[in-house]
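Enquirer: When the letters of the sequence shown are read in order and numbered with this note's numbering, they come out as residues 1 to 224.
Treat the hints as calculated values from the structure; they're not laboratory data.
Hints should not be assumed to be uniformly reliable.
[Unchecked claim] What follows is a set of in silico ranges between Cβ atoms, one per label pair, in the way DEER data are often shown: (1) L100 to R29: 34 to 44 Å; (2) A127 to W172: 40 to 50 Å; (3) P191 to P76: 31 to 41 Å; (4) W77 to S32: 33 to 43 Å; (5) V192 to F133: 20 to 30 Å; (6) K128 to F93: 32 to 42 Å; (7) L184 to F133: 18 to 28 Å; (8) S169 to W122: 37 to 47 Å; (9) S32 to G180: 14 to 24 Å; (10) G99 to L132: 33 to 43 Å; (11) H31 to L74: 13 to 23 Å; (12) F93 to G180: 17 to 27 Å; (13) Y38 to Q125: 19 to 29 Å; (14) R170 to I88: 39 to 49 Å.
We treat Cβ as the ideally placed atom computed from N, Cα and C, and that holds for glycine.
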Amino acid sequence: MPSVVPPIVTPVAPPVAPPTAPLQAQPARPHSLAEDGYAIAIGCAFIALGLMLLKQANLVTGGMAGIALLVSYLVPWSPATLFILINIPFFLFGGRAMGLAFGLKTLFANVAIMALGLMMPWAMQVAKISPLFAALFGGSIIGFGILAIARHGAGVGGVGVVALILQKSRGWNAGRTQMGCDILILLASLPVLSPDRFGLSILSAAAINAVLIVNHRPGRYIGH
């Protein structure tokens, strides 16, 4: 009998679904006024607490906080009060360069820092603190306070406002810009501080700027 050759069956590939369009990133939702107010208030509390710790350890740091601390060792005024007084010229500059909303939020932040700073001695007494701990922890929480305020469309005035304006207009990193200004402020404290306190003050300024350099980069944070 002739042999029967079985038919060759060609496998049929399963239907392939048409490619779908990639998911589009949702635009970031702007922060509400309540969210801004809450975050700025928390940031101000961090800054006020950090100033109190640095003051208790007889340290200075960078930015307007450092200038306020430095002057507080020369006059009988609290760093929180000096903080807002020194910042008055920068309110006008920041408001004109960054807009009315930025200026008003910055004014609110500075008034809150002054009020919380005046309340801190009544709410908390620090009898003893390690200068090294004050430099690292106090500097770090000031940095996170500045970060929280900046991410919600405000500044703490002074060097911070200038750094934010340069980051917005020229793309300069806010932390590195502030670091350069902090060096000048720390050098001005040499006649007032002992060598060990001067070294720890440099450490506190580095702690502040490390927080800003790592966390406050253009394009990294999607909030407004």
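Enquirer: Each of the hints needs a verdict: does it hold here or not?
Expert: Consistency of the hints with the structure:
no.	hint	in the structure
1	L100 to R29: 34 to 44 Å	violated (22 Å)
2	A127 to W172: 40 to 50 Å	holds (42 Å)
3	P191 to P76: 31 to 41 Å	violated (19 Å)
4	W77 to S32: 33 to 43 Å	holds (36 Å)
5	V192 to F133: 20 to 30 Å	holds (21 Å)
6	K128 to F93: 32 to 42 Å	holds (40 Å)
7	L184 to F133: 18 to 28 Å	holds (26 Å)
8	S169 to W122: 37 to 47 Å	holds (41 Å)
9	S32 to G180: 14 to 24 Å	violated (35 Å)
10	G99 to L132: 33 to 43 Å	holds (40 Å)
11	H31 to L74: 13 to 23 Å	violated (39 Å)
12	F93 to G180: 17 to 27 Å	holds (18 Å)
13	Y38 to Q125: 19 to 29 Å	holds (27 Å)
14	R170 to I88: 39 to 49 Å	violated (26 Å)
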